[in-house]
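A.B. asks: Those protein sequences? They're chains A and B, same order as listed. Taking the UniProt record's numbering, I'd label the letters of the first sequence as residues 1 to 262. Taking the UniProt record's numbering, I'd label the letters of the second sequence as residues 1 to 357.
If you're looking for bench data, these hints aren't it; they were derived computationally from the structure. Incorrect hints may have been included.
[Stated by the list, open to error] Pair by pair, the computed Cβ-Cβ distance ranges are: (1) A:88 / B:25: 36 to 44 Å; (2) A:85 / B:17: 51 to 59 Å; (3) B:128 / A:88: 50 to 58 Å.
[What the hints assert, rightly or not] Some, not all, of what chain B presents toward chain A, calculated at C-beta under 8 Å: (4) 78; (5) 85; (6) 89; (7) 102; (8) 105; (9) 315; (10) 317; (11) 341.
[To be verified] Residues from chain A that face chain B, not an exhaustive set, calculated with beta carbons under 8 Å: (12) 115; (13) 117; (14) 121; (15) 163; (16) 169; (17) 174; (18) 176; (19) 179; (20) 183; (21) 207; (22) 210.
What you are looking at is a predicted structure, and each value in this text was computed from that prediction instead of being measured. Note that beta-carbon positions come from the ideal geometry of N, C-alpha and C, so glycine has one too.
What follows is each chain in one-letter form.
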Amino acid sequence: MRARVWSWAALAVGIIYFALPLIGTVEFSLRKRRGEYSFDAYRWVFEDPRFRETFSYSVVMALFTIAVGILIVVPTAYWVRMRYPRLRPLVEFITLLPLVIPPIVIVFGYIRLFNTSSVLPLTGTATGTNVLLMMGYATLSLPYMYRAVDTGLRAIDVRTLTEAAQSLGAGWGTILGRVILPNVLVAVLSGAFLTFAIVIGEFVMAALLNRPAFGPYLQLIGANRAYEPAALAVIAFAITWFCMGLIQLATHLSPHSRARRS
Amino acid sequence: MAFLELEALDKSFGATPVVRRFDLAIEKGEFVSLLGPSGCGKTTVLRMVAGFETPSSGAIRIDGRDVTGLRPNQRNIGMVFQAYALFPNLTVSQNIAFGLRVKRVGRAEREARVAEMLSLVGLAEFGGRYPFQLSGGQQQRVALARALAVEPQVLLLDEPLSALDAKIRVSLRDQIREIQRRLGITTIFVTHDQEEALSLSDRVVVMSEGVAQQVGPPFEIYSRPATRFVAEFVGRLNVIDAVAGEAGDGVLRTGDVEIALGRPVPPGPVTLAMRPEVIGVGRADGRDLVFRGRIEDVHFLGSVIRIETRLGSAPLFLDTFNRPDRPPPALGEIGEFSVAASDVMVLGPGGSAVKVR
Numbered sequence: 001m002r003a004r005v006w007s008w009a010a011l012a013v014g015i016i017y018f019a020l021p022l023i024g025t026v027e028f029s030l031r032k033r034r035g036e037y038s039f040d041a042y043r044w045v046f047e048d049p050r051f052r053e054t055f056s057y058s059v060v061m062a063l064f065t066i067a068v069g070i071l072i073v074v075p076t077a078y079w080v081r082m083r084y085p086r087l088r089p090l091v092e093f094i095t096l097l098p099l100v101i102p103p104i105v106i107v108f109g110y111i112r113l114f115n116t117s118s119v120l121p122l123t124g125t126a127t128g129t130n131v132l133l134m135m136g137y138a139t140l141s142l143p144y145m146y147r148a149v150d151t152g153l154r155a156i157d158v159r160t161l162t163e164a165a166q167s168l169g170a171g172w173g174t175i176l177g178r179v180i181l182p183n184v185l186v187a188v189l190s191g192a193f194l195t196f197a198i199v200i201g202e203f204v205m206a207a208l209l210n211r212p213a214f215g216p217y218l219q220l221i222g223a224n225r226a227y228e229p230a231a232l233a234v235i236a237f238a239i240t241w242f243c244m245g246l247i248q249l250a251t252h253l254s255p256h257s258r259a260r261r262s
Numbered sequence: 001m002a003f004l005e006l007e008a009l010d011k012s013f014g015a016t017p018v019v020r021r022f023d024l025a026i027e028k029g030e031f032v033s034l035l036g037p038s039g040c041g042k043t044t045v046l047r048m049v050a051g052f053e054t055p056s057s058g059a060i061r062i063d064g065r066d067v068t069g070l071r072p073n074q075r076n077i078g079m080v081f082q083a084y085a086l087f088p089n090l091t092v093s094q095n096i097a098f099g100l101r102v103k104r105v106g107r108a109e110r111e112a113r114v115a116e117m118l119s120l121v122g123l124a125e126f127g128g129r130y131p132f133q134l135s136g137g138q139q140q141r142v143a144l145a146r147a148l149a150v151e152p153q154v155l156l157l158d159e160p161l162s163a164l165d166a167k168i169r170v171s172l173r174d175q176i177r178e179i180q181r182r183l184g185i186t187t188i189f190v191t192h193d194q195e196e197a198l199s200l201s202d203r204v205v206v207m208s209e210g211v212a213q214q215v216g217p218p219f220e221i222y223s224r225p226a227t228r229f230v231a232e233f234v235g236r237l238n239v240i241d242a243v244a245g246e247a248g249d250g251v252l253r254t255g256d257v258e259i260a261l262g263r264p265v266p267p268g269p270v271t272l273a274m275r276p277e278v279i280g281v282g283r284a285d286g287r288d289l290v291f292r293g294r295i296e297d298v299h300f301l302g303s304v305i306r307i308e309t310r311l312g313s314a315p316l317f318l319d320t321f322n323r324p325d326r327p328p329p330a331l332g333e334i335g336e337f338s339v340a341a342s343d344v345m346v347l348g349p350g351g352s353a354v355k356v357r
């Protein structure tokens with residue numbers, strides 16, 4: 001009985017810890033108009049052209065980052081599992097590096113390596129800087145993407161499926177595209193979702209590379225206005241949860257993955 | 001020239017030899033089983049034929065073409081795995097069509113072929129299902145259909161029945177053999193189950209420690225085992241240590257029992273071997289060796305009664321058919337047993353790779 005009381009108490013503390021700031025933010029974001037609740041702050045945010053510009057910029061960057069991340073991570077994780085299991089600790093270490101190297105260090109490295117007087121002057125053009133920023137995002141999301149995909153690969157018998165496909169005449173492209181990727185799609189989606197969240201909120205890289213991303217915009221509004229940052233935070237949360245819902249839906253709609261979990 | 005030729009195959013993993021000097025020639029349409037305990041190299045041989053392992057030395061030829069250096073997807077072989085290995089994200093029909101799509105077979109032809117394969121394995125109604133909606137036996141039939149859809153030159157079956165329960169195993173076994181005969185496809189079947197190997201195959205290769213111990217039709221493997229390993233691995237065997245007399249006239253002693261084989265046996269210690277079913281209860285014409293023993297145990301198995309007794313000090317099993325008019329003998333009774341001298345195999349001392357007879 002005592003144990004039960006304590007576990008309820010722990011749960012309550014947890015809920016308060018997570019929910020209270022959120023409730024406070026929502027409440028505050030509704031108080032722009034004096035004396036009553038209103039959506040004025042939200043209206044201001046949605047009417048601000050910079051919100052639309054920076055947000056759509058970040059979304060496009062996120063989609064590219066996800067595509068590049070999948071192209072890099074899925075074949076790598078697959079090859080490590082299939083052919084070079086001994087390299088696994090090394091590859092895992094590399095994928096974890098972005099967690100211990102601060103983004104500011106990475107981006108300073110980028111600027112030094114790819115500046116206009118370097119061999120590959122990516123920072124000389126907007127497109128080049130966008131590519132550089134996207135690569136930076138891909139690096140930041142590497143730990144999450146790799147973990148997710150590797151876990152997904154663990155759930156299927158990669159070797160036997162590969163051999164079955166090979167004996168049916170399939171080459172590597174077909175095996176990866178038609179056998180491996182569809183079977184780790186749910187894992188890839190969860191990696192993609194994390195990537196999306198990282199890219200939308202990222203500040204340091206975008207700011208130092210001077211690109212019009214959502215992160216710097218958030219910071220700008222936060223520094224200059226009172227209620228709108230709260231509204232922006234709530235919007236960001238809503239988008240995040242919407243993405244999570246989409247992943248749940250995708251998981252639910254694909255029949256074979258539903259079976260594998262049961 | 002044989003259709004599928006394996007010539008002097010050697011395979012080592014690191015310093016460990018797994019397959020040694022393996023030769024085998026298989027005719028077109030033949031069903032050959034590789035039989036042996038786990039770790040004997042049978043699966044490695046199969047995987048070398050499939051192209052998943054590269055031989056350390058030796059050659060593999062299919063229909064006169066050297067395929068040793070070809071990748072698996074260039075070999076035109078069909079393979080069925082123990083773990084089914086169906087693609088979980090594809091339906092049964094899509095699984096079967098996979099190899100055809102890779103080959104860029106047109107849609108109409110592909111669909112016709114899938115329908116044909118589905119009815120071949122008796123799953124015509126199941127095309128739209130996903131693998132997880134099928135039982136193990138059904139999944140393995142889909143795997144077979146998928147392997148056969150691309151019309152491979154050789155069909156490789158890697159312990160396809162091991163994951164199934166006993167009843168399904170027997171019915172699928174018969175189905176595999178029936179389909180194989182109907183299509184006339186050259187087949188290699190890997191198993192550790194002697195009953196499967198004996199009942200299915202045109203020829204059986206018994207393997208031990210990477211070496212083919214004996215190659216022959218099931219009847220020959222069982223009746224005339226070439227080595228002690230084959231004799232003991234295939235079927236049950238009574239093994240009795242005996243000493244042949246100085247005269248070399250075929251009179252042997254084991255304990256205080258004397259056995260006259262009636263054919264010359266070189267003097268010294270020998271091992272006698274008898275299948276349980278060649279020994280009978282009581283005397284009979286042609287079973288000229290008669291001995292007595294206490295009945296130590298009786299296993300009633302339905303159609304067969306397995307009796308445990310002793311010859312001298314060696315335990316002896318014998319199998320007799322159950323007959324309604326003759327109840328099984330009682331425990332502790334002294335019974336009389338007989339066997340034809342020609343059914344007693346003489347194995348040399350030591351026991352490894354010694355010719356019988």
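A.B. asks: Any of the earlier hints contradicted here, and which numbers?
C.D. replies: Hints 2, 3, 8, 9, 10, 11, 12, 13, 14, 18, 21, 22 contradicted; others consistent.
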